[in-house]
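In order, the protein sequences belong to chains B and R. All residue numbers for the first sequence refer to UniProt numbering, where the first residue is 1 and numbers rise by one. All residue numbers for the second sequence refer to UniProt numbering, where the first residue is 1 and numbers rise by one.
Misleading hints may appear alongside valid ones.
What the hints assert, rightly or not - Derived CB-CB ranges, DEER-like:
{"id": "1", "chain 1": "B", "residue 1": "Leu47", "chain 2": "R", "residue 2": "Gly400", "range": "40 to 46 Å"}
{"id": "2", "chain 1": "B", "residue 1": "Tyr180", "chain 2": "R", "residue 2": "Asn33", "range": "21 to 27 Å"}
{"id": "3", "chain 1": "R", "residue 1": "Ile253", "chain 2": "B", "residue 2": "Leu131", "range": "38 to 44 Å"}
As the list claims (entries may be wrong) - Footprint (simulated), chain B over chain R, 3 or more residues, beta carbon under 8 Å:
{"id": "4", "stretch": "91-98"}
{"id": "5", "stretch": "121-132"}
Rather than coming from a laboratory, the hints here were simulated on the basis of the structure. C-beta atoms are modelled at their ideal positions from N, C-alpha and C, and glycine is treated no differently.
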Amino acid sequence: MTGRTAAKHEAETAGTAQAPVPDAGPVLPKRRRRVHPVIVIAAGAVLVVALTYMLPPFRNYQLATVGAYFCVTAGLTVLTGLNGQLSLGHGALMATGAYTLALTQNRWENLPLSFAMAVLVTTVVGAVIGLAAARLRGPYLAGLTLAVAIVVPSVTSTFDETFNSDQGLSVFLNPPPEQYPIEQWQAWLCWGAALVVVLLLALLVRGRFGRDLRAVRDDETAAKLAGINIARTQVLAFVVSAVCAGVSGALFAYLAQSVSPGAFPLTLSLFLVMAIVIGGLGSLFGALWGALLLVVLPALSQSVGEQTGSQRLEGNLALIVFGVVLVVVMLAAPGGLASIPSRMSRLIRRNR
Amino acid sequence: MKRITTAALSVLLLATAGCTDGGGGGNGSGSGNVPGVTDTEIVVGTHMPLTGPAAGGYSKIAPATKAYFDYVNANGGVHGRKITYKIKDDGYNPANTQTVVRELVLQDKVFAVLNGLGTPTHTGVLDFLKTNRVPDLFVASGSRSWNQADKYPQTFGFNPDYTVEGKILATYIKENLAGKKTCFLGQDDDFGRDSLAGVEKILGAVAAKESYVTSNPNVGPQMGALKAAGCEVVVLATVPGFTALSIGTAAKIAFKPQFVVSNVGSDPTTVGKTLGAAAPLMEGLVAANYLPLNTDEANPWIQLFKKVNAEHNGNAEFDNNVVYGMSVGYLFVQALQSAGKDLTRDKILETVQKNGFQGPGLVPLRFSAQDHSGYGGEQLTKVENGKAVYFGTPYTTDDGDGPVAPYQGQAVAPPPSGVPAA
Numbered sequence: 001m002t003g004r005t006a007a008k009h010e011a012e013t014a015g016t017a018q019a020p021v022p023d024a025g026p027v028l029p030k031r032r033r034r035v036h037p038v039i040v041i042a043a044g045a046v047l048v049v050a051l052t053y054m055l056p057p058f059r060n061y062q063l064a065t066v067g068a069y070f071c072v073t074a075g076l077t078v079l080t081g082l083n084g085q086l087s088l089g090h091g092a093l094m095a096t097g098a099y100t101l102a103l104t105q106n107r108w109e110n111l112p113l114s115f116a117m118a119v120l121v122t123t124v125v126g127a128v129i130g131l132a133a134a135r136l137r138g139p140y141l142a143g144l145t146l147a148v149a150i151v152v153p154s155v156t157s158t159f160d161e162t163f164n165s166d167q168g169l170s171v172f173l174n175p176p177p178e179q180y181p182i183e184q185w186q187a188w189l190c191w192g193a194a195l196v197v198v199l200l201l202a203l204l205v206r207g208r209f210g211r212d213l214r215a216v217r218d219d220e221t222a223a224k225l226a227g228i229n230i231a232r233t234q235v236l237a238f239v240v241s242a243v244c245a246g247v248s249g250a251l252f253a254y255l256a257q258s259v260s261p262g263a264f265p266l267t268l269s270l271f272l273v274m275a276i277v278i279g280g281l282g283s284l285f286g287a288l289w290g291a292l293l294l295v296v297l298p299a300l301s302q303s304v305g306e307q308t309g310s311q312r313l314e315g316n317l318a319l320i321v322f323g324v325v326l327v328v329v330m331l332a333a334p335g336g337l338a339s340i341p342s343r344m345s346r347l348i349r350r351n352r
Numbered sequence: 001m002k003r004i005t006t007a008a009l010s011v012l013l014l015a016t017a018g019c020t021d022g023g024g025g026g027n028g029s030g031s032g033n034v035p036g037v038t039d040t041e042i043v044v045g046t047h048m049p050l051t052g053p054a055a056g057g058y059s060k061i062a063p064a065t066k067a068y069f070d071y072v073n074a075n076g077g078v079h080g081r082k083i084t085y086k087i088k089d090d091g092y093n094p095a096n097t098q099t100v101v102r103e104l105v106l107q108d109k110v111f112a113v114l115n116g117l118g119t120p121t122h123t124g125v126l127d128f129l130k131t132n133r134v135p136d137l138f139v140a141s142g143s144r145s146w147n148q149a150d151k152y153p154q155t156f157g158f159n160p161d162y163t164v165e166g167k168i169l170a171t172y173i174k175e176n177l178a179g180k181k182t183c184f185l186g187q188d189d190d191f192g193r194d195s196l197a198g199v200e201k202i203l204g205a206v207a208a209k210e211s212y213v214t215s216n217p218n219v220g221p222q223m224g225a226l227k228a229a230g231c232e233v234v235v236l237a238t239v240p241g242f243t244a245l246s247i248g249t250a251a252k253i254a255f256k257p258q259f260v261v262s263n264v265g266s267d268p269t270t271v272g273k274t275l276g277a278a279a280p281l282m283e284g285l286v287a288a289n290y291l292p293l294n295t296d297e298a299n300p301w302i303q304l305f306k307k308v309n310a311e312h313n314g315n316a317e318f319d320n321n322v323v324y325g326m327s328v329g330y331l332f333v334q335a336l337q338s339a340g341k342d343l344t345r346d347k348i349l350e351t352v353q354k355n356g357f358q359g360p361g362l363v364p365l366r367f368s369a370q371d372h373s374g375y376g377g378e379q380l381t382k383v384e385n386g387k388a389v390y391f392g393t394p395y396t397t398d399d400g401d402g403p404v405a406p407y408q409g410q411a412v413a414p415p416p417s418g419v420p421a422a
């Protein structure tokens, strides 16, 4: 029993060394008191609602998109950052959620039911992939998830009577209540879902499950000796992350009123990984940064492309900008954007 | 010290990135009560695949339309207003289309969305455009979805729909290649399905049918199956890249049927470029069109469009996509002219519905209160010495069981100024 807690303690400290918490120098107070996630989420909710009343409609739509991305980046950062499993196939899990929502919604026209089905189906799919993934490590795991991402268009064209091939399905939606602009409504729905998902994740990873995740990531043998069931932890982590991706995909289907394989290409999966690395692996705030970048960078590079007048540049510039940002952030702040505040304070202290 | 600078720099970079996007969104015009229309300007927008899998050929359409608008603007504009054309790249990805069309409507406050390209992409924004009462004119696709006057009263097509085209191509086969075993290869979506429906309305069931998806650039199995079925005529409902791929793959396995190709996938310049050294394989290819052909130097429309292309489009390679883009521009200017000086969204829809436009098209547009589809027919072309040439007469028909009838009307010449009169 004592050995187990010791191993856990070690794992935890090892984890925090990578997490955006300053290393415990002698000058620092022992431990900064952490604000409870519920308070952070509540503050976030107030901020989002305030924003939706201030922003013009198009910005509200972009805000909604950030919320939808936040779900998947949060889930992925827990999987990759805290459990050390690299997934290049989260775009496919998003597609699973999106297609489930579309098919359920077109049949029963009941949005809550459709979201519930999306969660259910991605849980099952996540468990299946997770079971296989738990047996693989490193590049082999990446390879498996990559294959999942690539298989989406083939599945939709093989079963084209259900999924309607490349053209995809349109999603039947009832208009929201008259008194709210549709974009505001979309922002509320997406952020409502995102905040719930992130709150659950935050509560989950600060408890025992989070310690197990980190322990498995840092040293499987040590974790096993401490009595942690490695395979179960990995599968659970994958399922949790898959559900987040499923919710995100369902939100995108709702936003776009349509689903098609073109909306979930391989590049989306790669962008997601890049986003959480830039944001800061393992940090939920980092996931928020990543989600923000996924919306802001393409929009920004498009307006730059328009100003330079080169039409060919527009779609391609986003790729270049993303790469450059990744390089710059990794050089300047290897812990990602979320680690910048603590790095700054440390640097300032050292220079004093 | 060096590290601080880098860190600070990156923060600054991101901060500016955020700010530019957050605050920089111009409110555009909109002094009057009609979005996108002022006394001096009309703002319209479009979504196009400028990059990505469908960009080949199609990316030249919107710049050509814009070039025609620039030409009109240089000649005094329409009722004293200059046309600003905002082109957004959606990479043929429906999710991107959602974003860019919202940007056009909500942020850039466009008067109308013009010539948005693609069936899967544009289908997703029909409801959004309807809710926001945005005229959705001359969609660049032959899907029958645009022709739903009851459900989407603000949406109008441009291309002849794929069923109309299928019927006309099949009529050619029936009259000239009777008794030959006819087969079909189509895109696995509305394009392929509507086209096949048209072909089968005339010929009855085809001997063999295959489909492809754009995400899998390999038609080896399909061409093999068609060869094994002993097909002598193959109808292709394909985009340009896949037309080239099909012809090339067939040649590789020594399969030499007569290809009969849909208009959207038959531009010899685009297909020939993809085929490269194998371009002579296109010789004898039968297709159809409804606009003047880019190689027809004697045609007054081509002369006009070439002039516009030289003056306002940086002398881009003059192919049928350029002709298409400028024809769309011409039709939109016609609609603006007859909608009058007091332009509103309702007025432009009324005008388009009233129809009566005479332009570069070989057959009339079908627009009416009940019918929102575009051109009502096509004329057949054949590739001779690397160039497509028209033969026979234009045909018109409908997407139902109506007959395929020769069209006797005379083509009109453009006005000397090149700008339609009010």
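Each hint, compared with the structure:
1. B:Leu47 <-> R:Gly400: 40 to 46 Å: Since Leu47 of chain B and Gly400 of chain R have Cβ atoms about 56 Å apart, the given range 40 to 46 Å is violated.
2. B:Tyr180 <-> R:Asn33: 21 to 27 Å: 23 Å, holds
3. R:Ile253 <-> B:Leu131: 38 to 44 Å: The hint (38 to 44 Å, Cβ to Cβ) holds, given that Ile253 of chain R and Leu131 of chain B are roughly 42 Å apart.
4. 91-98: holds (count 6)
5. 121-132: holds (count 5)
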